[in-house]
Structures are given as structure tokens and as C-alpha cells.
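Undergrad: Sequence:
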Amino acid sequence: VLARDMVGRTRVARVLAQGQTEADADALCRTLVQVADMVADLPQLAELDLNPLLAIGGAVVALAAQVRLAPARGGALAIRPYPLELEQELDWQGGRILLRPIRPEDAPQHQVFFAALDPDDVRLRFFTAMRELPPSQLARLTQIDYDRAMAFIATRNGANGEPETLGVVRAVADADNQSAEFAIIVRSDLKGKGLGYILFQKLVDYFRSQGTGEIVGDALAENLGVQNLVRHFGGVVLPHPEAGMVRLQLPLR
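Per UniProt numbering, the sequence shown runs over residues 1 to 253.
None of these hints come from the bench; they were simulated from the model.
This one's a predicted model, so the numbers in the text were calculated from it and none came from an experiment.
Virtual Cβ for every residue (Gly too), placed ideally from N, Cα, C.
Some hints here could point you the wrong way.
Listed next, with one range per pair, are the computed distances between beta-carbon atoms [what the hints assert, rightly or not]: (1) 197 - 242: 26 to 34 Å; (2) 52 - 162: 45 to 53 Å; (3) 211 - 11: 43 to 51 Å; (4) 65 - 181: 39 to 47 Å; (5) 197 - 54: 45 to 53 Å.
Work out the full structure: start from the sequences and follow the hints.
TA: This is how it looks when you write it as C-alpha cells:
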């Protein structure tokens, strides 16, 4: 998704529109993602020049390439790449599910997930009624900075063989990593089956490994489910300055 948006802002997009196939455009976007992965995996790669690139027949061929190497730098990338190492498969309800960090390309399925939620569950999670996620909010929920934030989704293959989102838990750490504010929601027809516990455990383990001091959150006072979840992990439910709200707090150190 991000690669296609990037290509769309360049002159290459006009070239692709003049006679190139959709398969050629997809191949170019895949190549861009692969080059980005190479840069992330090879810190000694200082310069890479692929010129020209030929996109034809759904494939991309580099007719010439120049590479310059340099000693690996200690600095981190400006944007942390997708943390593949955090993916985890496990058994649940007689089948296999995958827990993994959310990705930008999850946006369409995330909208489907949202549409399957009961209106009351939406209100408890977002503190307001919504029929669908606005595009800007959908982008914020699926395009995250893995350096400060994390969102884990639980997925499994649906009846059509395509992955479907079952639940999501997320948190954003403050600048000094003292606390991370979380939110969680599970598909309405799957509540009470332990999925929320599994997702929250994944989140707790991750932020504890990052040295975060505590996980916190705001919830409606009537949302007993999330309050019981935090208590189960040793957290507390505190008064909130706003009427009808409570503050959730779970120390990690």
C-alpha cells in the first residue's frame, strides 16, 4: 500500500498508466518493498543504483546495478521496519491463529473487522458511536511507528481462505517510555473465549521487554470486561477526573 502510494507521487505513475499492465505496477511495488527490506537487513549498504529498471510481463529486471558498501553505522533507521520476529502462531478454539503486528496493508480487512462489531462494543472502545472508520483514522490505526507504538492483531483463515481479523490490542508509549496507553477490542461474536487475554498477554510481554514502566488506559466505568482483564494481570482500576470514566493501570517493572 505504502509502496503504491509512493510510486503514485512520481513520474513513474504516468508511465505505468500509458500502456503498462497492472501486473507490471504490482511487480514494481514489490521490488520497491524488497529494496527497502534489503536496506533494513544490510546496514553496510551505503548506496544502491538500479538504472534502468525494466518492468514487463509482471516482472522487473535491473539492466544495470551499482552498489557501494561502507562500515555499518550504529544509528537506527528513521522508521523501524516490520518486526517479523514478533509473529506467533498458537492453538485457539480448536484451530490455529496468528498473532502479529499490524501492517498498512491490513487496512481493508480492518474495516471489515470494524463492520462486524456490535455498536455497543464500538462505543465502549472509541467512546462514541461510529458506523465505519474514517479513512484518516483507519490509516492511523494501521500505519504505526513500531519504534514507539505497537498493535497486535489476531487472525485466522476465514471460510474463503483469506485471513480475517479477530481482535486487536494496541498501545503507544510516551517519549520517555515511562508508560504506554493501551486499547483492546475483540470481534463481538468471539467475546468470552479468552482471545482478549491472549492479545493482552502479548502486549504486556512486548512492552515489558521494551523496558516500559507501566501500561495505562481510560475506560468507561460500565466497561467491566476491560477492567477485569487488567485486574487479572495484577493491575488496578482507579478513579478518573471525568464522570463515567475509570483509569486503568498495570505496572510492568
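Undergrad: Honestly, which of those hints from before does the structure not fit?
TA: 2
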